[in-house]
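Residues per chain are reported as follows:
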Amino acid sequence: MSLLVLRDIACARGGRMLFEGLNLDLGPGDACLVTGPNGVGKSSLVRVAAGLLDPAAGSVERGCLPALLSESTALDPELPLAAALGFWASLDGGAVAPALAAVGLADLAEVPVRFLSTGQRRRAAIARVLASGSKLWLLDEPANGLDAASVTMLEGLIAAHRAAGGAVLVATHLPVSLPGAVEVAL
Amino acid sequence: MRPFLAIVLREIRRAWSSGGLLLPVAFFLLVAILFPFAVGPDGKLLARIGGGVIWAAALLAALLPVERLIAPDAESGVLDQFAVRGLSDAGVAAAKMAGHWLGFAPALLAATVIAAGLLRLPGETLVQVELGLLIGTPGLAALGVVTAALVSGLRGAGALAGLVMLPFAVPLLIFGAGSVEGTPGALKLLAAFSLLLVAGCPFVAGAAMRMGRS
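Line by line, the protein sequences are chains A and B. Per the working numbering, the very first residue in the first sequence carries number 1; after that it's consecutive. Per the working numbering, the very first residue in the second sequence carries number 1; after that it's consecutive.
Hints were generated in silico from the structure; no laboratory data involved. Hints may be right or wrong, so weigh each one.
Just a sample of chain B residues kept apart from chain A, beta carbon distances all over 10 Å, derived [unchecked claim]:
#1 Phe-27
#2 Val-78
#3 Ala-107
#4 Val-164
A short, non-exhaustive set of chain A residues, derived as facing chain B with CB atoms under 7 Å [claimed, not checked]:
#5 Leu-53
#6 Leu-68
#7 Ala-74
#8 Leu-91
All C-beta atoms, glycine included, are put in the ideal place defined by N, C-alpha and C.
Only chain A is shown next, with the shape it has when bound in the complex:
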């Protein structure tokens, strides 16, 4: 069973063709690493895969509801971290505490989101993906703002997710190690 299938995808933004004829098939345990310089369409590809953006041509099929990590955190800044994550966890039916522990933010659960640093916000957003329990992760620049230890933590989380039968699409310009991943260089 495929979790994400992209067939002959073309993507145009502002009247400019970014890429054409892209095919991808991700099953359980698979990973795809999308690389390329700025502005080449990495984020657009993630948004197309998430169903937020219609491709100019081709079709997208998803085997389940995806979990999306985009450049924006989508956490209410005035709420304590655990409560802000709890809003999404209650929609997804996931648990907040284990996800926070997994990204090393358990100590900051009661701190309002607006006091968190860039890297901590990034890890909080990763916790949101983790708590969603989705089989399909779509991560747009997940390593942005993370220190070396956090990138290692992220790689570990992705490996565990794949080992549990999940699939992941990672778009990044920073080095993220994904053993056995399909590489798409835009």
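Given chain A, put chain B in place with the hints provided.
Here is chain B on its own, set in the frame of chain A:
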């Protein structure tokens, strides 16, 4: 139904916690206070125009929270997250309308009692005004969310919001103020127009949110 409820509760919390509620209510009362200064302290005149004054003040107060209804959520990726969870844009907009109404209407209705006192409205007129506001404010809330969705992400969104929203609110104002004077059928027409807004606005706001994404 559960996501709908969660979004409604989040909207109410956002309205009350950020102090965003105090501002429209204070503004509403301020407009009601300004009129006696402008037209003079003639009790009879104030009682006659009071109902209309309260309606105009309510309309202006409903404009204030428009900027925080959609734009912050579009910017922070919250709307994207709703969309990837398979929630329909119209459903999200409808939940936001319900939450927005529950957030500001009860406070507005309470403040109307104070405004009525300031304008020396007789008791039976106050009842008419409250009844009209109860029927008309869901339409105002719907209009607010649509306007917020349409102007979200634009520069000078606040000023534009007034230009977009107020013309569509004119029927509410006419029938609302008409019902205060006891014009026959005004209350029913007010209810009809309010219902039309509540029924139609989620789809318009949903389409605007979808356009904003691409």
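Structure-based check of all given hints:
no. : hint    : verdict
1   : Phe-27  : holds (22 Å)
2   : Val-78  : violated (5 Å)
3   : Ala-107 : holds (19 Å)
4   : Val-164 : holds (25 Å)
5   : Leu-53  : holds (6 Å)
6   : Leu-68  : holds (5 Å)
7   : Ala-74  : holds (4 Å)
8   : Leu-91  : holds (5 Å)
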